[in-house]
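Could you put together the complete structure from these sequences and hints?
Protein chains in written order, with the working numbering: chain A, 40 to 319; chain B, -13 to 148.
There's no promise every hint is true.
Quick list of the computed label-pair ranges, beta carbon to beta carbon [to be verified]: (1) Leu83/B / Ala67/A: 39 to 45 Å; (2) Ser109/B / Glu134/A: 50 to 56 Å; (3) Arg156/A / Phe119/B: 38 to 44 Å; (4) Leu130/B / Gly268/A: 43 to 49 Å; (5) Leu99/B / Arg70/A: 22 to 28 Å; (6) Gly183/A / Trp133/B: 44 to 50 Å.
If you are wondering where the hints come from, they were derived from the structure by calculation, not from laboratory data. Just so you know, even glycine gets a beta-carbon here, dropped at the ideal spot from N, CA and C.
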Amino acid sequence: MNSSILEGRTQTVRVIIFVLVSIMLMIADDRLKYLKIVRTHLLTLVYPIQYVVNLPMEWGQWVSKSAQQRLHLLEDYEELRQENLYLQVTLQKFEDLKSENDRLRRLLGTSVKMGERVKIAEILAVDLEPAKHKILINKGKHDGVFIQQPVIDANGIMGQVIQVGLFSSIVMLITDPEHELPVQVVRTGLRTVAKGMGMVNRLSLLYLSNTGVNTGIKIGDLIVSSGDGQKFPKGYPVGTIIEVTPDIGQPYAQVHALPRAALERNREVLLLWKQRITKN
Amino acid sequence: MGLKQHKGGWIITCSFIFGFMLAIMPLPVWAHAWRPDWVMMILIYWCLALPERIGVSTGWIIGIVHDVLIDALLGQHAIIFCVIAYVSVKLHRQVRLFSVWQQAVAVFGVVTLSQLLWMWIRSIFGHPQIFGFFIFPAFTSMLLWPWLFIILRDLRRSFHVS
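Structure (structure tokens):
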């Protein structure tokens, strides 16, 4: 009897210690950056579980791919061939523009230009914390992924890496309420910040004054990353303006945008690395 | 106590790993709010069945793993899991006498409480919580508890986990 009372007491002491440690951990995880390294190792440890959960999805896709009919494949092939042709034509023009841009830059005397290198990563079919807009991808520190690395898809910016494991990392999408992205309206050069709203496919543009709305922005405008803040490269498409509501009761107007990237439907994403190209 | 031989640790580990897999298994968007709290149910079961073996420390470690797995704030699940483990171990004599459905009602209460605590923690750290669906996981957990209980009990008996 005596020993069981003692046992109960040590349990109580233990639970108090663990609760205090948890509170300190939460504060440290929220405010400090030291825990990122710990999380890298922990994320690597749990990767097998996430990998196994993703497997049925992968097999399903493989089965549906191999069961597809020849006719469908031929159709797909034809479609892709045409698309490729079209893209190559566009690229010809792009090369021309690039060389012209380089020439102009030389005239201006700026020699450093940023280039980008990309790598394809796959999204794992795993549900992360509810009410958060985050995805897990199958590339990690091992592949050179780093925290705050930009992630894009074929249509535009998707988000940035917030946790890195050895073989996987977690990406916060631009629609997450905690994500803010410096952007610019292509038509007028107006600069603003695109903030996630926690809703699927909706961005809110901050700090646009009611008067500025008349001149600088209208429905249908394309917004691109402005390169401010040095995290995201300049000029990648972010979204299209779908709603402009001047709000006289507030200092700023309500402006909403639709993200360009297929945030909730992708299987593959692209990781971006900046490359410093120096030209003399 | 340490001299006593424990058996079947791998069954406990496997059950937790299976719980983790269920916890991150992709579900359609409408079902997100209804996802039962698998890991907590498994933890409660082992705390009731083997209170001298599974307790506060195991709960805390399981919580940390859960946090990393779903990328929650580190410690968010750990704090709740160790408290739940503590309560389960403390009350295991009483709860063992309950019928399975009475236990299910207790699980309902515990999961509701934990969801409320999570909402509280999240709002302290400035993550706005829009939905008020915290009762849904408790509801599904309650409905699934009897089946989980039977499966884990049979596993424990047939593999002589002690």
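Review point. For this structure, which hints from the list above don't hold up?
Key: Structure breaks no hint.
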